[in-house]
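S.K.: Protein chains in written order, with the numbering used here: chain A, 1 to 577; chain B, 1 to 180.
Among these hints, one or two may not hold up.
[Unchecked claim] Ranges between beta-carbon positions, derived for each pair:
{"hint": "1", "chain 1": "B", "residue 1": "Lys160", "chain 2": "A", "residue 2": "Gly558", "range": "54 to 60 Å"}
{"hint": "2", "chain 1": "B", "residue 1": "Lys160", "chain 2": "A", "residue 2": "Arg312", "range": "42 to 48 Å"}
{"hint": "3", "chain 1": "B", "residue 1": "Ala58", "chain 2": "A", "residue 2": "Glu361", "range": "54 to 60 Å"}
{"hint": "4", "chain 1": "B", "residue 1": "Ser54", "chain 2": "A", "residue 2": "Gly558", "range": "43 to 49 Å"}
{"hint": "5", "chain 1": "B", "residue 1": "Glu129", "chain 2": "A", "residue 2": "Gln354", "range": "33 to 39 Å"}
[As the list claims (entries may be wrong)] DSBU-like, lysine-lysine: derived pairs with alpha carbons at most 35 Å apart:
{"hint": "6", "chain 1": "B", "residue 1": "Lys103", "chain 2": "A", "residue 2": "Lys184"}
{"hint": "7", "chain 1": "A", "residue 1": "Lys67", "chain 2": "A", "residue 2": "Lys521"}
{"hint": "8", "chain 1": "B", "residue 1": "Lys130", "chain 2": "A", "residue 2": "Lys184"}
{"hint": "9", "chain 1": "A", "residue 1": "Lys310", "chain 2": "B", "residue 2": "Lys103"}
{"hint": "10", "chain 1": "B", "residue 1": "Lys62", "chain 2": "A", "residue 2": "Lys133"}
{"hint": "11", "chain 1": "B", "residue 1": "Lys160", "chain 2": "B", "residue 2": "Lys103"}
{"hint": "12", "chain 1": "A", "residue 1": "Lys310", "chain 2": "A", "residue 2": "Lys331"}
{"hint": "13", "chain 1": "B", "residue 1": "Lys130", "chain 2": "A", "residue 2": "Lys297"}
Treat the hints as calculated values from the structure; they're not laboratory data. Here a beta-carbon is modelled for each residue, glycine too, at the ideal position from N, C-alpha and C.
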Amino acid sequence: MSNLMSGARMLAECLAREGVDCMFGYPGGVTLPFYDVLYDHQIRHVLVRHEENAAFAAEGYARATGKVGVCCATSGPGATNLTTGLVDAMMDSIPIVAITGQVTSKLIGSDAFQEADTFGITRPCTKHNYLVKKLDELAQIIHEAFYIAATGRPGPVLVDITKDVLQAQGHYQPVTSIHLPGYKVFTEGHTGQIRRAAQLIQESERPLVYAGGGIVAANASAELREFVQVTDAPAVNTLMGLGALPSSHPNFVSMPGMHGGYAANMAMTNADLLIALGVRFDDRVTGRLAAFAPHAKVIHVDIDPAEVGKIRTPEVPIVGDVKRVLVKLTKLLVESPAQPDATRSAARRAWWHQIRAWKDEHPYDTPTSDTEIKPQHLMAEIDRLSGGDAIITSDVGQHQMWAAQLCRFNQPRLWINSGGLGSMGFGLPSAIGAQFAHPEKLVFCICGDGGFQMSIPELSTVASNGLPIKIIVMNNGHLGMVRQWQTLFYNDRLSSVQLDAFPDAEKLAAAYGFKGRTVEKPWELAAALEEAVKEPGPYLLNVKVTPFECVYPMVPAGGALNEMVLGPPQPVAVPGK
Amino acid sequence: MLQIISLVLENKPGALMRVTGLLAQRGYNIESLTVARTLDPDLSRMTIVVDVDSLQRAQVIKQMNKLINVLQANDLTEGPAVVRELVLLRIRTPQESRTAVLKEAEIFGGRVVDSGVEGFAIEVTGDPEKLGEFVDVMSAYGEVEVARSGALAIALDAKKLRLQPPVSTVGQGHPTPLQK
């Protein structure tokens, strides 16, 4: 077999070699040579209806599998449309590779048709990016892109390829090694620091595991369970880490943060040791930093050295792969257990007693009504059908917080949401990516009526691929989270948050050729959801919920974690410093 | 406070943009920046003087070290380092001041690189503060035009450049290091 081939074919060969079985994209003028190769190639290309959704779908695929997600767009508007997805992947450390076409090398800089400075525009949106102007660099760069995306702290990598490179003929030599002299991946963790961490854990009276998306990214759930069992420390999972420890695990407290559980936030505030694993002390988790975990020493394990000490200076910094660090740490704790100490044992028992008391005192609020569907009621019903085993993708806003609070996840990679960037319009395209990754799995896509309308075009992708996604719109007729803030902090002056003229769900779904329905009575809800799940194809369920419900608990902006507002009757002014 | 950062980076298109982008994104103003090839033509050394919030200095260095094209970034602000700058100054001066100008240039270790009826072009190297004084002094003798190189710095305690080894791509999607 001759190895003389076009750049476009070489690109496809490299993708196949990286194990890419499915990618999401939208063709255009300069990517024509590549799409011609894809015409009869083994890689399945999923045509989305907007490039932003190609990036979100690639993220959904990556988040559901841990593999690198791939998306593709043409030059100019195609590439600029990808950027929100790239930044989203950057913020949540999701491995994706984006391929974009660029105008012919000779035309770069000439304001050619559909030319944009993709390399310049996406520099701050990616972990790394490339502009390929020579065919002999192409294969090397594609493999580098996958390596960078998947290793260390994962993230998005973009490869911008000029049309002449895609068209040029060259001899393809499979790449066997890549050399990135400046790319440092820290994996092992400092042995001395790990020993110090073990010592602090054994000495602590009120330890708390604060585990996040890093556990999911490192596939370290089993190691986390083992560690938690050995230390018997209570654990909180961040929004990005839900499922890292199963929701049903006896040591799991709840999610911490702005809309986190009372017990989790109180535990954060009162712990004497925070074991921070693959987290970044996000402002939505810490609340007012000066009042965050004021009594705690901190052990911070992260693969990214720039995260350690960025927000909170830890007593024990450990830069390394959290999976390997947890293995070593657990081994150390098992092999050299602490001397029995009656005072400490009593303190640990009291700590657990206190945490259980907090959990009992203020569990998440799940109001129900005889006349209206409460949003929390909707989440509880979805959770009943999921049983902690379905993939649930979410959009951004109130429904995201209620779903995070009330849906259980027995495993990591079941809860898929846009955490750091908070990109509306993420829910449906990420569900498409997740369903392609797991065709056999039940996938719920929970959207608000705002975010859903940002991704309506993708109903066409859902229909044309027959994806059995259960799209549940929590419809409160408003941009709920913004409305909540206007109510609480802007004297209820509701400015540009009303969403009227929502389309008829049944007709909308029917227009795409699948089933849909609207429910608004609480007694209809359970049966409607069951019908959606039973339907072999896609289903659009529009659930009209109480319009003016607020998400609680809520730590107001600038507030400390223990200054949560637990419900409507409480004063809502921002506490003074 | 001004921070002096020394970087060794790959001599590739866009590498400079990645470094300056990190600073621009945080709203830090670059006072000076010099960059040129090292002995190894594939690498460049860059010296940046930048006004960074003192609490963010370590973070900026860490972020620079994360860049794929950056092999090493060091903060030389407080460590033992030599910092030098070059000034090229053209002065228009009346006949009666010429001798005085030459004398002052000599005091600052300057070298006349061009002489004309209207004045001189003078080259001086030194630490940036001293060069500032030189420019001030010269301004007293006539109309000056100045080109400064920006600071160049090198650490006195040599930090070994640790390069990462090549990795194999045979593992399909999950490359593994070739050797330990």
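S.K.: When the structure is checked against the list of hints, which entries are broken? Sort them ascending.
M.R.: 1, 2, 3, 4, 5, 6, 7, 8, 9, 11, 13
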